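Dock chain B against chain A, hints included.
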Amino acid sequence: MALETALAVLDGMPFESNYVKSIVRVSLYVSVTAVVLSTLVSLPVALFVGFKDFPGKGLVTAIINTGMGFPSVVVGLVVLFAVSNQGPLGFLDLVFTPQAMIMSQFVLAAPVITGVSLAAVTGIDQSVRDAAYAMGGTRLDVALVVIKEARFGIATAILAGFGRAISEVGSVLIVGGNIAYADGEAYTRNITTAITLEARQGRYETAMFLGAILVSIVLLVNAIVGRLGGGGRTR
Amino acid sequence: MAIQRRDFLTLAGGGAAAGLAGCTGLFSGGENGSGNESNSSSGGSITGQELVLATTTSTYDTGLLDEVNAAFEENFGTPVQAISQGTGQALETARAGDCDVVMVHARSQEDEFMQNGYGINRRDLMFNDFVIVGPSDDPAGIGGSEDALGAFQAIAENESLFASRGDDSGTNTAELQIWEEAGVEPGGEWYLETGQGMGDTLNQASQQGGYTLSDRGTFISQQDEVELEILVQGPVEGGPEILANPYGVLAINPAVHEDVNYQLAMSYIGFLTSQEGQQVIEEYELDGEQLFFPQALSEDPNFQQYVPEDWQPDGENGGNATEDNATDE
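Quick mapping for you: the protein sequence lines, in order, are chains A and B.
Mind the numbering: the first sequence is residues 267 to 501 in the numbering used here, read in order.
Mind the numbering: the second sequence is residues 7 to 335 in the numbering used here, read in order.
Just chain A, same shape as in the assembly (with noise of 0.2 Å):
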């Protein structure tokens, strides 16, 4: 695969290659599962209440619009105090865990990703839906049609919530505490935690090097999604 590709690459760079591996693969891990998770839910709650009409409709709205702009460190806060040992959650054990990493990316991109995608599939026509109903199609592949119809919006949304996943380094920094072991495998210490941990230390080479690695993880991200986008929606 392409990522296989990439980090061989690393094997010929002047740093402790098995630690950058390490570091690219908790980040993908965190936020790939964050995004996954975040789209499971967000494209119900999209398509629910993009097409039903309920009271407190606007309020939802409101919600999930000011959600996409929440500032992360106020999220990682409020995992913190939920996953910490004292917290609610604490009996689960996930503080200073990839899973509490997860957990914050998770509450950053849902709303960016559902945000997205709701002005996706409300834009597509009324009569796309007539039709499909029309056709005697399910409440299922009604939506089924409208998620065909409105991909390449739903897949920016994806990308913008992937986005803000993975580069996000305040909440992470504060619920995943940037653990990497002795040998220098990482745990919690994703590429954010890790530039910040570098750049605290003036090892300013391994720090912009990983935000090379950064930011070609976004650019190739972006550049697959708009091809697997880019070929619908010609109208």
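Just so you know, these hints were derived from the structure itself, not from any lab.
Please read all numbers here as calculations on a predicted model, not as lab measurements.
We treat Cβ as the ideally placed atom computed from N, Cα and C, and that holds for glycine.
Hints may contain errors.
Here are some of the chain B residues that sit facing chain A, going by a computed Cβ distance under 7 Å [unchecked claim]:
hint	residue
1	Asp72
2	Asn75
3	Pro85
4	Gln87
5	Ile89
6	Ala102
7	Gly103
8	Asp104
9	Glu199
10	Gly201
11	Gly203
12	Gly205
13	Gln228
14	Glu231
15	Glu235
Derived DEER-like restraints, expressed as beta-carbon distance ranges [said to hold, decoys possible]:
hint	chain 1	residue 1	chain 2	residue 2	range
16	A	Gly335	B	Glu231	32 to 40 Å
17	B	Gly54	A	Ile490	32 to 40 Å
18	A	Val326	B	Ser114	30 to 38 Å
19	A	Leu306	B	Glu291	50 to 58 Å
20	B	Glu80	A	Val481	21 to 29 Å
21	B	Gly276	A	Gly322	41 to 49 Å
22	B	Ser280	A	Val481	42 to 50 Å
23	A	Phe357	B	Asp306	42 to 50 Å
Below, chain B without anything else, positioned relative to chain A:
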């Protein structure tokens, strides 16, 4: 019981993680799953558990911790998860029971922590010292002085820029104590609180041509990156005792937080204060300089190292705490 529950949850969490990794395998080449699983289940470990250590940035950023933890893992097969925070934040993490053991350097804060019953079995671990660093043109003229209080007074009188960490860290605590003893209330436009770690603060002092108080270890590890030099030495190089920087290590009291891994914490403390652990500390060098000086092995066992200074036993915080806990559930 508590430990069993933790085990179970670790397994459940690991299973969930593996499940999630399975879902995402499509995106990440499947390698993620195995990578993370080996982290959470840590094959080869005697206990199958991991020790969570909250520590100061200075032990971490100098690279000492990696050395010590690698030696510990070699002996016990137990990986250490180190979270590097300022001393205040590390103790706060400990207070919430989110780590098993703490290594910090602010005796006054450690004492408070012990007195409130959160910590148990404190040991003196090692020491190094603080140095006052500043720009080579030394506008306050403190270079070569052996009087730390006088140097701080001169900086204040001259209103030379001083970068304080202002983050409740051990270094910040020491700095504030020096200001207090020097009879100066720091403030005004010359006194900046960076709110960041030692490395960042050294960078800021360097960029702006100011003074700061640094632990010697972090300064040595960063001296090539900054345009600062040591102007007032600490006791390691014959400077005043007020610049001493002793480190302590303490376990979280399992009577307060039943799910901390007390046994592992004590193995860690035991290892650090053993001949071997102390030797690792002694032999750790950066740029040919010894950064930390072992302090645990002593011919004169000092009772006060285990308890807060001026401790008066009152029966409330006695050593029975662990036994109480064992029969608790």
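The hints, checked one at a time:
no.	hint	in the structure
1	Asp72	5 Å, holds
2	Asn75	4 Å, holds
3	Pro85	5 Å, holds
4	Gln87	5 Å, holds
5	Ile89	4 Å, holds
6	Ala102	5 Å, holds
7	Gly103	4 Å, holds
8	Asp104	5 Å, holds
9	Glu199	17 Å, violated
10	Gly201	13 Å, violated
11	Gly203	5 Å, holds
12	Gly205	4 Å, holds
13	Gln228	5 Å, holds
14	Glu231	4 Å, holds
15	Glu235	16 Å, violated
16	A:Gly335 - B:Glu231: 32 to 40 Å	36 Å, holds
17	B:Gly54 - A:Ile490: 32 to 40 Å	39 Å, holds
18	A:Val326 - B:Ser114: 30 to 38 Å	51 Å, violated
19	A:Leu306 - B:Glu291: 50 to 58 Å	52 Å, holds
20	B:Glu80 - A:Val481: 21 to 29 Å	38 Å, violated
21	B:Gly276 - A:Gly322: 41 to 49 Å	59 Å, violated
22	B:Ser280 - A:Val481: 42 to 50 Å	46 Å, holds
23	A:Phe357 - B:Asp306: 42 to 50 Å	45 Å, holds
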